[in-house]
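Q: The chain contents come next:
Protein chains: 2
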Amino acid sequence: MTDLKRRRFLKTAGIAGTAAAASTLAAPAIAQGSPEIRWRLTASWPKSLDTLYGGAENFAKYVSEATDGKFQIQSFAGGEIVPPLQATDAVINGTVEMCHTAQYYMWGKDPTWALGCAVPFGLNGRQQAAWWYEGGGEQLLNAFHAKSNVYSLLCGNTNAQMGGWFRKELNTLDDMKGVKMRIGGFAGAVMSKLGVIPQQIGGGDIYPALEKGTIDGAEWVGPYDDEKLGFYKVAKYYYYPGWWEGGAMLSLHVNKPKWDSLPKHYQAICKAAAAYANSVMSGRYEIQNPAAVKRLVAAGVQLRPFSEAILDACFKSANEVYAEISAKNEDFKKIWESMKAFRAESYLWQQLPDNTYDTYMMIQQRKNTL
Amino acid sequence: MTDLKRRRFLKTAGIAGTAAAASTLAAPAIAQGSPEIRWRLTASWPKSLDTLYGGAENFAKYVSEATDGKFQIQSFAGGEIVPPLQATDAVINGTVEMCHTAQYYMWGKDPTWALGCAVPFGLNGRQQAAWWYEGGGEQLLNAFHAKSNVYSLLCGNTNAQMGGWFRKELNTLDDMKGVKMRIGGFAGAVMSKLGVIPQQIGGGDIYPALEKGTIDGAEWVGPYDDEKLGFYKVAKYYYYPGWWEGGAMLSLHVNKPKWDSLPKHYQAICKAAAAYANSVMSGRYEIQNPAAVKRLVAAGVQLRPFSEAILDACFKSANEVYAEISAKNEDFKKIWESMKAFRAESYLWQQLPDNTYDTYMMIQQRKNTL
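If you read the protein sequences in the order shown, they are chains S and X. Here the numbering used here is used: the first sequence runs in plain steps of one and ends on residue 373. Here the numbering used here is used: the second sequence runs in plain steps of one and ends on residue 373.
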């Protein structure tokens with residue numbers, strides 16, 4: 004047998020072997036090889052928000068590196084292909100293969116989506132990751148998303164957000180009445196029970212609305228992102244905490260038939276790359292927010308905590324909204340009950356070593372001994 | 004041109020194209036292909052600790068899945084190849100390609116290693132991940148590890164640990180004097196300044212020592228892991244927080260020449276898989292610890308916080324040890340100063356939305372309204 008003939012024989016034998024394996028194992032990944040794939044990702048963020056947009060970019064970079072450049076995902080900022088809030092729709096209808104977004108932008112279609120991002124008095128960022136990876140969250144949310152032909156991956160977290168920028172102080176519950184605030188979805192519904200008038204305004208339009216006084220307040224994310232949008236120039240009271248986002252998960256949504264068509268090892272790479280990008284985004288916020296909050300305070304920003312009375316009223320109002328939605332939405336009820344059960348367990352546990360450790364360290368920070 | 008000829012022509016053209024690319028780009032990963040690789044990993048844990056050992060197993064699983072089974076890493080429990088505390092030595096001397104361990108086990112060789120796991124009054128788990136991924140930690144630690152021919156990856160975190168099990172209450176600083184406690188490394192050095200007599204005892208030997216009264220106390224991890232070792236049966240006071248482990252990073256150590264020999268895309272897969280396994284381990288602790296602490300309390304365990312006076316004395320003592328080591332160890336000083344600067348910044352920031360949100364939620368947990 005010549006060398007060339009031998010090579011052809013081995014190749015044929017190899018193909019035959021693979022075919023035999025395929026007949027006993029359902030679609031083995033090995034039979035699929037490592038194809039060249041090009042996808043497009045539409046993000047809900049402008050490129051200037053390097054924290055959020057970086058989540059999409061890092062994911063794409065890790066996937067490319069892990070596949071030796073064979074699986075390339077090109078990221079587009081919100082508005083380049085479709086508007087920021089229509090990212091998931093573009094995935095569902097197949098305009099793009101995937102997007103990077105906040106699930107609560109889908110609140111209007113079904114409030115269940117909001118559970119995959121942030122809900123009032125929900126889980127904090129650490130709890131959200133635990134619930135997603137080990138608490139059944141990934142499976143519960145994906146069972147719901149499959150109904151829309153979406154496969155989702157956790158990819159980023161802001162951790163607890165600030166409560167937003169206001170042109171005047173909010174000392175009492177009465178001060179909330181009639182306040183026109185840029186706040187959306189679930190939190191807007193809760194706020195409206197307190198007399199706040201929620202306004203839906205895209206990120207880029209908030210600053211002029213605050214400046215002109217068309218609105219009295221606006222929430223966005225936290226110091227590092229908010230500083231870029233300039234709110235501190237026109238509304239100096241910066242409230243905390245954003246009780247509607249004790250943590251906020253960001254997500255990759257993939258068109259499900261497209262996801263199902265990927266070789267199994269590309270799916271595995273996507274899962275690992277999403278987890279990596281998830282941790283890097285949290286880290287970037289953690290590193291960038293302290294410096295940003297110091298710059299804002301130096302620029303005259305006044306930090307204000309929401310009073311316990313205001314938080315209590317919001318908590319009560321939120322529980323009413325949870326009950327109302329749960330009474331008429333089985334998907335929401337099922338997933339919220341899983342989160343809620345874990346929330347109670349976890350906040351018992353976090354009072355022990357975590358909270359006592361952090362409290363002691365915060366006392367030292369205030370004493371300037373760190 | 005026949006079909007067969009055309010295919011041969013395309014194939015040749017493809018190879019020529021790759022060779023041309025290779026001459027302009029330094030050692031492109033594509034030239035390395037996807038070889039079959041078999042490695043061994045020795046862990047510092049028994050298989051019964053599914054949290055810690057699960058970190059190694061999940062990493063290996065994700066790598067296998069992402070390489071379509073081509074890169075296989077077989078995990079061994081502590082003691083199967085080398086004893087638990089000699090895992091890193093086995094990597095350095097090439098007995099195994101990699102290990103999964105806690106870097107502070109290398110404290111005796113150089114205290115700088117401890118910074119890659121946990122140090123008294125150091126960063127909490129969330130801060131550790133941020134410092135590693137976005138705060139320069141990965142680069143600083145790897146520059147140090149390279150001196151020992153080790154490449155390291157963050158792969159797991161316990162978050163804040165408990166302060167350990169004691170046969171009697173520790174109400175005052177005087178109660179600490181003469182207490183024989185199983186506690187190692189850095190924390191042991193800090194404790195000894197308070198009159199505690201630190202004991203080095205392997206995990207499996209703690210229970211009989213506590214039972215016989217050879218020691219008065221012992222620290223391990225937290226409720227879920229500690230419960231498995233049965234300490235609650237022989238020492239009923241369970242203290243918190245473990246101020247020497249406000250977070251504890253677990254690491255993968257790879258023999259550096261072996262790491263450098265991997266195709267670039269296998270390295271990328273290892274990095275993403277480690278980040279994935281890192282998040283899953285934290286999640287598993289978060290899910291499992293609440294139920295474990297409830298079982299322990301039901302079994303008669305008495306939870307006790309360390310008093311602020313005891314914590315203050317430990318903090319002072321720890322700062323003395325930091326100064327002593329920094330005065331004679333440049334590597335330690337450089338890395339600790341990076342962590343320390345971030346610690347002060349981050350504990351300023353975490354007092355705002357994160358701490359106020361969590362505090363409000365913990366109040367609700369105590370009111371039983373969650």
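In case anyone wonders, no lab produced these hints; they're calculated from the structure. It is possible that some hints are incorrect.
Identical copies go unnamed one by one, so any copy, or any two together, can satisfy a pair.
Claimed, not checked - BS3-like mimics (lysine-lysine), calculated; alpha carbons at most 30 Å apart, straight line: (1) K73 with K274; (2) K343 with K370; (3) K297 with K343; (4) K171 with K274; (5) K261 with K64; (6) K239 with K331; (7) K297 with K337; (8) K259 with K64; (9) K370 with K259; (10) K370 with K337; (11) K337 with K183; (12) K261 with K274; (13) K370 with K319; (14) K150 with K215; (15) K231 with K319; (16) K183 with K267; (17) K183 with K150; (18) K239 with K337; (19) K274 with K259; (20) K73 with K196; (21) K239 with K259; (22) K370 with K267; (23) K297 with K336; (24) K343 with K231.
Q: Now tell me if each hint is right for this structure.
A: Verification of the hints:
no.	hint	verdict
1	K73 with K274	both (16 Å within a copy, 18 Å between copies)
2	K343 with K370	between (36 Å within a copy, 15 Å between copies)
3	K297 with K343	between (35 Å within a copy, 18 Å between copies)
4	K171 with K274	neither (45 Å within a copy, 47 Å between copies)
5	K261 with K64	both (19 Å within a copy, 24 Å between copies)
6	K239 with K331	neither (40 Å within a copy, 48 Å between copies)
7	K297 with K337	between (42 Å within a copy, 25 Å between copies)
8	K259 with K64	both (21 Å within a copy, 24 Å between copies)
9	K370 with K259	neither (53 Å within a copy, 43 Å between copies)
10	K370 with K337	between (46 Å within a copy, 24 Å between copies)
11	K337 with K183	neither (33 Å within a copy, 50 Å between copies)
12	K261 with K274	both (15 Å within a copy, 25 Å between copies)
13	K370 with K319	between (36 Å within a copy, 13 Å between copies)
14	K150 with K215	neither (43 Å within a copy, 60 Å between copies)
15	K231 with K319	neither (33 Å within a copy, 40 Å between copies)
16	K183 with K267	neither (49 Å within a copy, 53 Å between copies)
17	K183 with K150	neither (36 Å within a copy, 60 Å between copies)
18	K239 with K337	neither (41 Å within a copy, 39 Å between copies)
19	K274 with K259	both (14 Å within a copy, 26 Å between copies)
20	K73 with K196	neither (52 Å within a copy, 58 Å between copies)
21	K239 with K259	neither (45 Å within a copy, 52 Å between copies)
22	K370 with K267	neither (53 Å within a copy, 47 Å between copies)
23	K297 with K336	between (41 Å within a copy, 26 Å between copies)
24	K343 with K231	between (34 Å within a copy, 27 Å between copies)
The structure does not agree with the numbered hints 4, 6, 9, 11, 14, 15, 16, 17, 18, 20, 21, 22 stated previously, though it agrees with the rest.
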